[in-house]
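K.L.:
Sequence:
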Amino acid sequence: MNAPPYRFNEIEKRWQTRWEETNAFQADEDSDKQKFYLLEMFPYPSGDLHMGHVRNYIIGDALARYKTLQGYSVLHPMGWDAFGLPAENAAIERKIHPAEWTDGNISYWKTQLKQLGVSYDWSRELSTNRPDYYKWTQWLFLLLYERGLAYQQGGLVNWDPVEETVLANEQVIDGRGWKSGAPVEKRRLNQWYFRITDYAERLLNDLDRLDGWPDRVRTMQRNWIGRSEGAEIQFQIEETGEPLPVFTTRPDTLYGATFMALAPEHTLIEEMIEGSPHAARVMPEAQRMRNQTRQARSDADAEKEGVFTGFYAVNPVNGERIPIWIANYALMDYGSGALMAVPAHDERDFEFARKYDIPVRPVIQPPDSTWDGGEMNEAYVEDGVQINSGPFNGMPNRQAGKAIVARLQERGLGKQTVNYKLRDWLVSRQRYWGTPIPMIYEQDGTPTPVPVENLPVTHPRDVQITGKGGNPLAQNENFVNCISPRTGKPARRETDTMDTFIDSSWYYLRFCSPRFNGGFVDQDAARYWMAVDQYVGGIEHAVLHLLYSRFISKALFDAGLSPVDEPFENLFTQGMVTKDGAKMSKSIGNIVTPDEIVSKYGVDTARLFSLFAAPPEMDVEWNDSAVEGCYRFLNRVWRAFHRLLEDAAPTAEYEVEALDGDERAFRRLTHRTIQRVADDISDRFKFNTAIAACMEFVNALQNETAPFSSARAALLREALETLPRLLSPFAPHIAEEMWDALNTGKTLQEAGWPKYDESALAEETILVVVQVNGKVRAQLNMPVDSTEEAVAAAAKGEPNAARHLDGKTVRRVIYIPNRIINFVVS
RNA sequence: GCCGAGAUGGCGGAAUUGGUAGACGCGCUAGCCUCAGGAGCUAGUGGGCUUUUAGCCUGUGAGGGUUCGAAUCCCUCUCUCGGCACCA
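Numbering (the numbering used here), first residue to last: 11 to 836.
It should be emphasised that the hints constitute simulated quantities derived from the structure, not laboratory data. Be a bit skeptical, because a hint or two may be false.
In silico lysine to any residue, SDA-like type, Cα no more than 20 Å apart, as pairs [stated by the list, open to error]: (1) K499 to D454; (2) K696 to M628; (3) K425 to F257; (4) K818 to V835; (5) K696 to Q712.
Given only the sequences and the hints, what does the whole structure look like? Please build it.
P.N.:
Put into structure tokens, the structure is as follows:
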């Protein structure tokens, strides 16, 4: 009756110290156990840390602990995605070096995560800003360069005016920088790219293999890659004889092309029109369209605009002259930046043609129609039969499309092709706090890679970070000036750094052997641990980090340097934590920090709430009184456990055959709870219902009152040995403390996940519902597997059922054994 | 506009895949205990009705359908959230 008070502070501290002293979570690749590599997306260690961040790690930890108890050899590491712009901004504000700010945040985060009792193998901690890590990021860059997958090219790029750097396409959301939110500008710059488009087809096809990924994420990647099948068709510019290639998914409509549309950025505009009689009229218009922001131009109901160039193209299929326009809806970064416009069969082209009075010529007739291509009110985009198409008239349009391409191909003027939305990954950044790109430039500008033995190329510490005047690295003469290892002559270093998404595109491999010096990863360790069995993180990286990592894995796999070409076997995307309806964020001011909760209720309560409030994939609204409910539950657990511990038998030994019905029912509950908790965790991490099952179990234990028979006391002991282990993935500290009090001579980890006895689960009697015409009229407690006759007889004996059956004719009886009996009467 | 997910008590959410809707928790109500309680314990809690130890009706966004039986399957619609979006 005198349970010790639940002093969560002491308990949590004691066990965290114990875990640390015994290296309880150190992963072991020499184990003959089955491996399980569990990874949460490593964080950017920013200045704040709130329960929204924490949920991610608690979900992962609950799984890690469960898998450990199940007997897996678990790798559960943690590290820091530590390069990035906020560190530079903080450095400007506080006049300290970004490294100082970053290291301060890392130690803060580490303390917090340790305080939460997350079972990381801290001996594998890594940080992308440390030379022993980014040396290998640089090595990766050189590997890709060597394999032709990294290249430098001039062209139009996205420029973030706030971050003062270029961005990859994936980092531009609705025409704005993904972090800064500023509208991006187009600039023409020479930049470094990774040739991710070489992998477009594999990145797309292999999504089908990723059955352990949410469909949502796979769909988003498919959309992003944006594969479309079609044809490349060569038009010719009448005046110059130059080719004008276009991509189309509808070669069947070629005879209906009545104008060409060039993107305003198309290089042909300068080449062809500058200096021509049309220049004065056309060039200012083209310039004006270029200046429209991407946002304004891609808005769905943006006004279509264009200008006739004065030039004509020749249709390769019939020699027809077609006017070439510049149109704001033509996109430079899709296809060839030019398109053949068929107003009769494309809504956008139709709208444009109507506005500028360009002819609309139908070439597809709806099936079973006698419509002759008269006046049209909208584009006809469905399938049909060719008309106005010379020798192809009368053919079904899809078939005609193939025939037209085949005809063009014979003359070298067209071919079947596949086009992707995906662009190459622009990886250089004009920032200081990133991995330096290990390239130098000879005096003539030729790039030379830094030899591998000279890596890492480290940051100079003596820089002025002011946020003004561009990249501080470029202003540091000591850094910039160097001697070329190739020619021995003075040369200049590349001063751009890498996109931080490169750092994070391979860190999961480094975790296999984080201290390895002989290469970016020890291949033996990688073979043991890879792929990541379960990856846990936010949906916001669906096309960023998750696409880049897949690409890098494939590139490394092709180089024989990664054992897998898909890094993440299973992906789980957890929901956000909201408060007052908004995502927790320092700027909104609605954050709850783990400290507040931990000091008031303890870590186990904070963890329990995070897991219990909602299924982990759903968003969850922070709720103070629900947190308190979790705290009350742990107190109930604590009191019930200690009260019963006094009366329980010293061992859980009993004769199953000697148990009476009531005792068998109690035993059934214990074993059934083990089964339910395991099933719920295994089935999409339903921690919320797993915890609910534990609550029901505890509620039943609370109702147990002395005196107990000796069999009952042994069954209680079994229940008390079960409960801490079931709770330990969720509330590990209180679980360890209770387990310790049992004095079993084993640690909780050694004892492992409790086993349930299949035969203990079998129900003896079961509630059978009696329905009359589908409405519940009675409930029967029947022996399991009773016959229909027995149940029907018992049902008729129930007064309420009998009342509804009285005087009626039974038309039919539906009996589902152990569940329901339904009398259909009239 | 296209694609995807969803809509269940006052609230968060359950429901063994077609078989008692509302598990578990929060909140609320009443009682016990207490100097006190923002502690603990007990009972109740979808809505409505009646002759209230019990029974009846109704109820899972709206409407229709299939079925002995539908939160679950089918059709139509409404709304919410997420993604994509002038991609030729």
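K.L.:
All hints, please: hold or fail.
P.N.:
Tested hints:
no.	hint	verdict
1	K499 to D454	holds, 11 Å
2	K696 to M628	holds, 11 Å
3	K425 to F257	holds, 10 Å
4	K818 to V835	holds, 6 Å
5	K696 to Q712	violated, 25 Å
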